[in-house]
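Going by the working numbering, the letters in the sequence shown line up with residues 56 to 506, in that order.
Read the hints as simulated data drawn from the structure, not as lab findings. Since the structure is predicted, the reported quantities are computational estimates derived from the model, not experimental observations. Where is the CB? At the ideal position from N, CA and C, for every residue including glycine. Please note: incorrect hints may appear among the correct ones.
Below, computed lysine to aspartate or glutamate pairings styled on EDC-like, alpha-carbon distance capped at 20 Å [stated by the list, open to error]:
(1) Lys77 x Glu455
(2) Lys206 x Asp239
(3) Lys307 x Asp205
(4) Lys395 x Glu217
(5) Lys243 x Glu201
(6) Lys373 x Glu329
(7) Lys243 x Asp205
(8) Lys307 x Asp239
(9) Lys312 x Glu217
(10) Lys243 x Asp292
(11) Lys373 x Glu455
(12) Lys395 x Glu465
(13) Lys77 x Asp464
(14) Lys140 x Glu94
If you anchor each label on the Cβ, the simulated ranges turn out as follows [unchecked claim]:
(15) Ala431 x Val195: 35 to 43 Å
(16) Pro434 x Gly356: 20 to 28 Å
(17) Leu229 x Arg346: 22 to 30 Å
(18) Ile429 x Lys307: 41 to 49 Å
(19) Thr83 x Glu154: 23 to 31 Å
(20) Leu229 x Arg70: 33 to 41 Å
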Amino acid sequence: MAESIVENEKPFHLRGNFAPVKDELTVTDLKVEGSIPPELCGTYIRNGANPRTGESLHWFLGNGMVHGVRLENGGASWYRNRYVKTPLLDDPDKQRISETGTIDYTVSAANTHVIRQGGRILALEEGAFPYELTPELETVGAHDFEGKLDKAMTAHPKICPETGELIFYSYGQLPPYLLYHRVDAQGKLVQTEEITVGGPTMMHDFQITRNHSIFMDLPVVFNLELALQGTMPFLWDDDYPARIGIMPRAGKNEDVKWFEVEPCYVFHTLNAWEEGNEVIFDVCRISEVWRGTSDMASGDGVQTLHRFTFDMVSGNVKEETLDERGMDFPRVADARIGLKNRYGYTLLFGAGGDGDPAFQGHLKFDMETGRSGIQAYGPGISAGEPVFAAAPGSDPDSDEGWVLSYLYDENQNQSALAIVDAQRWGEDPVALIHLPQRVPFGFHGSYFPDL
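Construct the entire structure; sequences and hints are all you get.
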């Protein structure tokens with residue numbers, strides 16, 4: 056009983072399946088329930104916070120740990136989990152900013168996302184340089200695009216499916232608050248532009264279309280007092296205007312067209328595309344977050360699926376709620392990023408019996424018909440971010456493929472990788488790959504098909 060009381064006194068991000076795991080494993084003998092589609096030949100990797108010391112002040116601040124499963128020949132050939140080896144792993148007190156004010160962008164948790172572009176796999180965290188990984192999840196080191204990147208890189212860059220470009224930004228607490236970058240398909244940084252925003256806003260995500268990049272200048276801003284406490288240093292600011300800026304992809308600061316929107320915050324975007332003179336932008340929107348505290352369990356509102364429609368000629372903005380259920384971690388097929396998508400997938404949110412966040416399953420949206428459906432996994436089973444793996448040779452805008460996600464079964468204290476046929480939504484997964492240890496709730500990942 057005493058141990059249970061102590062456990063419940065911990066913050067939510069250090070207990071239950073949010074708690075870190077200690078061991079780095081390589082396991083090749085994996086139990087598979089069902090049948091893994093033989094077309095799935097590649098690696099699924101997901102990143103998340105896993106504080107090595109067992110302690111952290113905020114869910115977003117733990118050391119990065121990647122969990123990966125290799126799929127080939129209708130089987131699962133390995134599961135691996137590895138810390139991203141950054142300076143913070145061995146020295147959790149190491150400071151990114153020196154006493155003289157210089158910033159070391161290799162000091163990173165590298166805990167938020169993992170992508171592949173220009174022949175490199177990169178673990179990302181928005182306050183630092185990316186870290187390159189091998190296909191077996193070992194750390195190569197910090198990557199600064201041959202010395203051309205001298206600021207942090209966002210954890211939510213976009214890879215254009217038509218050009219192969221990597222498009223991203225850097226945001227910070229000191230001017231210039233926002234820098235915009237383009238990297239060509241070969242991984243060379245070819246453009247950096249300073250973009251004027253109202254202050255040190257927290258820009259966690261952004262989006263692209265075929266011809267534009269979209270910035271969100273929203274009222275969650277840097278707070279020095281919280282920064283000095285070592286926790287998440289951002290708070291809601293009623294006096295900070297909410298704006299969204301749209302710029303030609305190869306444009307400059309003076310080309311940004313800004314639109315005022317209703318006060319809100321957006322952690323994650325679903326997609327954006329162009330129709331005539333309009334730019335349509337779908338996001339998971341919350342009306343307010345982090346008022347007075349950046350505690351994730353502070354009673355903030357619900358994130359709902361929301362659409363902005365911007366008329367690039369008249370300057371008018373239309374806002375509408377597409378779905379009022381609580382959700383986040385939205386994804387479309389990689390081949391539809393910046394292009395009109397028929398299908399989208401999100402993680403369905405709720406509250407657990409103890410009030411902690413609960414990830415109840417997945418939602419699939421058919422944006423053409425307006426229909427949606429739930430993929431649930433059973434009592435006591437929670438899901439993670441839904442990642443769509445397209446069937447080889449399929450229509451890029453179809454749902455021919457599979458949704459991958461780590462599941463956690465609280466009844467058994469075990470995890471599995473679920474493979475769901477996206478065209479048989481709501482049915483049991485076609486395969487469950489049972490894993491040798493639980494995979495803590497984490498953030499974002501990718502499926503990398505063999506090239």
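Sort out which numbered hints this structure fails and list those numbers smallest first.
1, 9, 10, 11, 12, 14, 19
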